[in-house]
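Residue-level listing of the chains:
Number of protein chains: 2
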Amino acid sequence: MAHQQWHCGPAGCPPHGKRRRGEALEQAILAAAVRELAEVGYDAMTVEGVAARAHTGKAALYRRWPAKEDLVVDALHFMLPPCGALPDTGSVRDDLVELLSAMAATIRTPAGTAMQRMLGSQRCAPEILETVHGKVIGPRREMLLEALRRGAQRGEVRPDAVTVLVAQVGSAMILQHLADDDRPVDRRVVEEIVDQVVMPLLRP
Amino acid sequence: MAHQQWHCGPAGCPPHGKRRRGEALEQAILAAAVRELAEVGYDAMTVEGVAARAHTGKAALYRRWPAKEDLVVDALHFMLPPCGALPDTGSVRDDLVELLSAMAATIRTPAGTAMQRMLGSQRCAPEILETVHGKVIGPRREMLLEALRRGAQRGEVRPDAVTVLVAQVGSAMILQHLADDDRPVDRRVVEEIVDQVVMPLLRP
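Keeping their order, the protein sequence lines are chains D and Z.
Read the first sequence against our numbering and you will find it ends at 204, with the numbers running on by one and no gaps.
Read the second sequence against our numbering and you will find it ends at 408, with the numbers running on by one and no gaps.
Okay, chain D solo, but in the shape it has when bound (with noise of 0.2 Å):
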């Protein structure tokens, strides 16, 4: 795919306030990178809308990222939360809720909003999907199918239900779920969710 030029968007702020140099202004700059794309989408994305957020000018942003898909890429490794470590309740059941629940929080937050619309849009850079699935997908199947693996250990789960398929089961709801006008996931979801749809897939 070729490299997406950035494109001219509605004016920008000018720069103001005290001048920030080096992280400051390189993290400032991220950040408001996530907050557009998570609202207006990769697509839209604009380099005016990001240095408007930034509250800085859009040389600030040429100078250090030539092209718009370098900038989502280190955005998005400066904003993904890391995935953390995998629960470990003594009961599967419990530890899919716990896991589910992160996954879920982390979607709402602008990080995760602005990784679902990025997986939608199809002018996605292959590297900034890389970075992705390296970062935040991955990982997390394979917390998903460790969970699996313990259950199936202690005789929680069927053996032959520890599959990448089957692990996947409880975040595509979700996600489904968020996809359906938006609405929250909350633990009283997520807890349907495990009881009501992974739970009797697991059970020996």
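Treat the hints as calculated values from the structure; they're not laboratory data.
Ideal placement from N, C-alpha and C gives every residue a C-beta, glycine not left out.
Some clues are possibly wrong.
[As the list claims (entries may be wrong)] Residues from chain Z shown here face chain D by an in silico Cβ test under 8 Å; the list is partial: (1) ARG321; (2) GLN372; (3) VAL373; (4) SER375; (5) GLN400; (6) PRO404; (7) PRO408.
[Unchecked claim] Below, simulated SDA-like cross-link-like pairs (lysine to any residue); rule was C-alpha separation at most 25 Å, straight line: (8) D/LYS135 / Z/ALA383; (9) Z/LYS339 / Z/PRO314; (10) Z/LYS339 / D/PRO184; (11) D/LYS135 / D/LEU86; (12) D/LYS135 / Z/ASP384.
[Said to hold, decoys possible] Per the computed footprint, the stretches of chain D lying under chain Z, defined by three or more beta-carbons under 8 Å from a beta-carbon of chain Z, are: (13) 80-89; (14) 113-119; (15) 161-171; (16) 192-199.
Using the hints provided, position chain Z relative to the given structure of chain D.
What follows is chain Z alone, placed relative to chain D:
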């Protein structure tokens, strides 16, 4: 939510060729709107982009659809395929494979892609979401649930698995599969989802 006004984009092609009027021009515009939605998404969609794809001028669009969401609602009504009849193979497994394969095929059409991107946009007007739910999501969910009900009457499905949540598992897995690298969902993938995930969940 306030109505989103059209905003400027790249200059569109001037009208050319034979002059179309009335229904022919209208349908060309609706089809162009769906292609634009599928390719650039709702937020980045512009009146110039749609006019260029339809080989017409902006005035032809503004005259018919003063606001962006009016055009989008009409375009979705025009392009989204009707639901079709509920398959009745006599086996819940085969009914679900048929239904979910048809669903996966619909999602891959330009109208299906447009619809998905719409659901991912945070600026989507309520009347657009209502159109998508009323015409596509609602009727298909009802068919999935009806397939489970029939299966329960035949003794193939445990009665307490006939729930809205369980009925959505197959479609949630298909959507998640599509979100991953935009991989195609062929019949083999649908059968894997039904056999490894949905059927173990339904069995009495």
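Hints and how they fare:
1. Given hint, Z/ARG321 at the interface with chain D, holds; its Cβ is 6 Å from that chain's nearest Cβ, closer than 8 Å.
2. Restraint check, Z/GLN372 versus chain D: the minimum CB separation of about 6 Å is within 8 Å; hint holds.
3. The criterion of a C-beta within 8 Å of any C-beta in chain D is met by Z/VAL373, whose closest approach is roughly 6 Å, and the hint holds.
4. Annotation: interface hint on Z/SER375 holds; nearest CB of chain D at approximately 7 Å, less than 8 Å.
5. Look at Z/GLN400: its Cβ gets to within about 5 Å of chain D, closer than 8 Å, so that hint holds up.
6. For Z/PRO404, the suggested interface contact is upheld, since its CB lies about 6 Å from the closest CB of chain D, less than 8 Å.
7. The criterion of a C-beta within 8 Å of any C-beta in chain D is not met by Z/PRO408, whose closest approach is roughly 11 Å, and the hint is violated.
8. Taking the CA atoms of D/LYS135 and Z/ALA383, the gap is near 16 Å; set against the 25 Å cutoff, the hint holds.
9. Annotation: proposed proximity of Z/LYS339 to Z/PRO314 holds, straight-line Cα distance about 16 Å (limit 25 Å).
10. A distance of roughly 23 Å separates the Cα atoms of Z/LYS339 and D/PRO184; the hinted pair therefore holds under the 25 Å criterion.
11. Restraint check for D/LYS135 and D/LEU86: satisfied, since their Cα atoms lie roughly 15 Å apart, inside the 25 Å limit.
12. Under the criterion of a C-alpha separation no larger than 25 Å, the hint pairing D/LYS135 with Z/ASP384 is consistent with the structure, at around 14 Å.
13. With a threshold of 8 Å between beta carbons, the proposed coverage of the segment 80-89 of chain D by chain Z is violated, since 0 of its residues qualify and at least three are required.
14. Remark: the segment 113-119 of chain D is confirmed as covered by chain Z, as 4 of its residues place a Cβ nearer than 8 Å to a Cβ of that chain, reaching the required three.
15. Counting residues of the segment 161-171 of chain D whose C-beta lies closer than 8 Å to any C-beta of chain Z gives 7; at least three are required, and the coverage claim holds.
16. Chain Z is given as covering the segment 192-199 of chain D, and this holds because 4 residues of the stretch bring a CB closer than 8 Å to a CB of that chain, at least three being needed.
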